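*Asks:* Those sequence lines, one after another, are chains A and B.
Quick note on numbering: the first sequence equals residues 1 to 281 in the UniProt record's numbering.
Quick note on numbering: the second sequence equals residues 1 to 309 in the UniProt record's numbering.
Hints in this document: simulated from the structure, not taken from any laboratory.
Note that the structure is predicted; figures quoted are calculated from it, not measured.
It is possible that some hints are incorrect.
[To be verified] Here are the simulated lysine to aspartate or glutamate pairs, EDC-like style, with alpha carbons at most 20 Å apart: (1) A/Lys81 x A/Glu7; (2) A/Lys168 x B/Asp305; (3) A/Lys168 x B/Glu308; (4) B/Lys211 x B/Asp200; (5) A/Lys81 x A/Glu227; (6) B/Lys64 x B/Glu74; (7) B/Lys64 x A/Asp133; (8) A/Lys168 x B/Glu306; (9) B/Lys211 x A/Asp133.
In case you want the letters, here they are:
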Amino acid sequence: MFPRPIEQAPTATRWLYRVAVPVALFLWLLPLLGVAVTSVRPASDLAQGNYFGMPSSIAFSNYREVFANSPMASYMLNSFKVTIPTVIGALALSCMTGFALAIYNFRSNLLVFFMFVAGNFVPFQILMVPVRDLTLSLDMYNTWYGLALFHIAFQTGFCTLFMRNFIKALPFELIEAARVEGVSEVRIFWHVVLPLMRPAIAALSVLIFTFIWNDFFWATVLSNSPESQPITAGLSSLNGQWIAQWHLVSAGSILAALPPVAMFFLMQRHFIAGLTLGAVK
Amino acid sequence: MTRAALPAASAEMPPRSRWRTHQRRLAPWLFLAPGLAMFAVYVVSPIFQSMWISLYDWDGLGEKVWIGAANYAELMDDDAFYTSLWNNVLWLVLYMLSVPAGLMMAIFLNQTIRGMRLYKSMFFFPFVISQVVVGLIFSWFYAPDFGLLYQLIEWLTGTGVAILADDRYVTYGIIAAGLWPQIAYVMILYLTGLNNVATDQIEAARLDGAKGWRMLWHVVLPQLRPATFIAVVVTVIGALRSFDLVSVMTDGGPYGSSRVLSFYMYEQALSEYGYRMGYGAAIAVVLFAIMMIFISGFIWKMWRDERER
């Protein structure tokens, strides 16, 4: 193990380490903690210049105010409406593309694979004008499915990379055995490979959920009305309206951060497995 | 795990239909079709369309007017373009700091005291939250008069600095905000990598008297090479994609000094200053060309690894 396990160190060092980790964590998360505290600070505190002291009272009313005086509820709902279909769609498509690229040896296999990989890295701006045009001409501007369709297509690139490598690591004998028994290719996909892909599907769904929930660029390019904007775009425009009302901005920020954070905590193992794909081989 | 009870197609010889004989050749394309079609419509063809649009003068609604390379010629004389380009270079260089910083954090945290799992995930927090939220958090952190950092600088030097309103510091301020989640990301990559470092090699090196930096450099880092590769890839891409933070924290200001290419493109093509789709597309093409240098490098390396298998 590297570095040397702390258990082998002198007692003093061990204690020092045990103190150092939480202190480092506190400093690391200080900006976030500040915002979390501000989100429950009464507006009167801010007016009196009490920015960092103890809040004079815990004002959950900030959150109520955010929901009452801004379309926050609608923003959050929109985010879910974009995110969930994207996760399902991208996974469905990439299970198939990943299977095709991992199992079959056809001539343009690597070419197709690397096209997906490269597409996944391109800057969004090179897609912006044509995708916006396409969305407008399909009458999908300001709709959740306009956004979701684009996200599904784009995320398929990343998901294909992931799925293909995952399936490649499965024992190929399984497929050969099934073929010898005369099982059709579609049934091999459905009955042999798909059940083994559960960990990959879990990992990718948390990851894609977070990516799409946090997307800001496309949310601003493909929507502009509060009725259809996801929370990232909504929060940014609220920030423009709530100048210097930091208790509201903070509460809004915390609300926007909550779903991906919850997702991460619930499915931590899968999340990290997804992110670190390829980092270990 | 072998599903022995798979429904065998049939006991007798299967009928030799066209599908039966060719299915292994056709199946991959059937599986690829939906994904490829979506990818072609939304990712591949827009790249070429953008290149095409960059040769026109177009407001997004009216007639396109062919102007050849005029958009690119205009770019050559556009100060805002050079400011954005320079800021992109700054982003690229400084963002790379997240690789050593993330490695250091991973080494610091690669222990097994009680509650370590929870600590690690809390350290990872900044990466999970949206960049919009990160931007707001740091705007608050930097805010003039009451911001934590402002007060800290005031306490140290006597006068506070409004980082986001000062064209000398603004880009550095935004990059620092971007480093926060990026370091967390790189840290996780390295933590996983460290988990898989071969213990026997470390022990052998220890017996030979290697420790500290020498151990890290000669024994551990070579084994972490895959993690380093991914960390560099995601950091380069992240640096060139930086848009959210600039947009949320400064909207490109003050006086356009914190623009990056991705933001400048958006501003030209879609902001209230007018819809210059052609000019925006030209900026996007330049950004794409820069990105392509890196993408080709990554792909070339991955291609080689595939071949070696």
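*Asks:* Flag every earlier hint the structure violates by its number, smallest first.
*Replies:* 1 and 9
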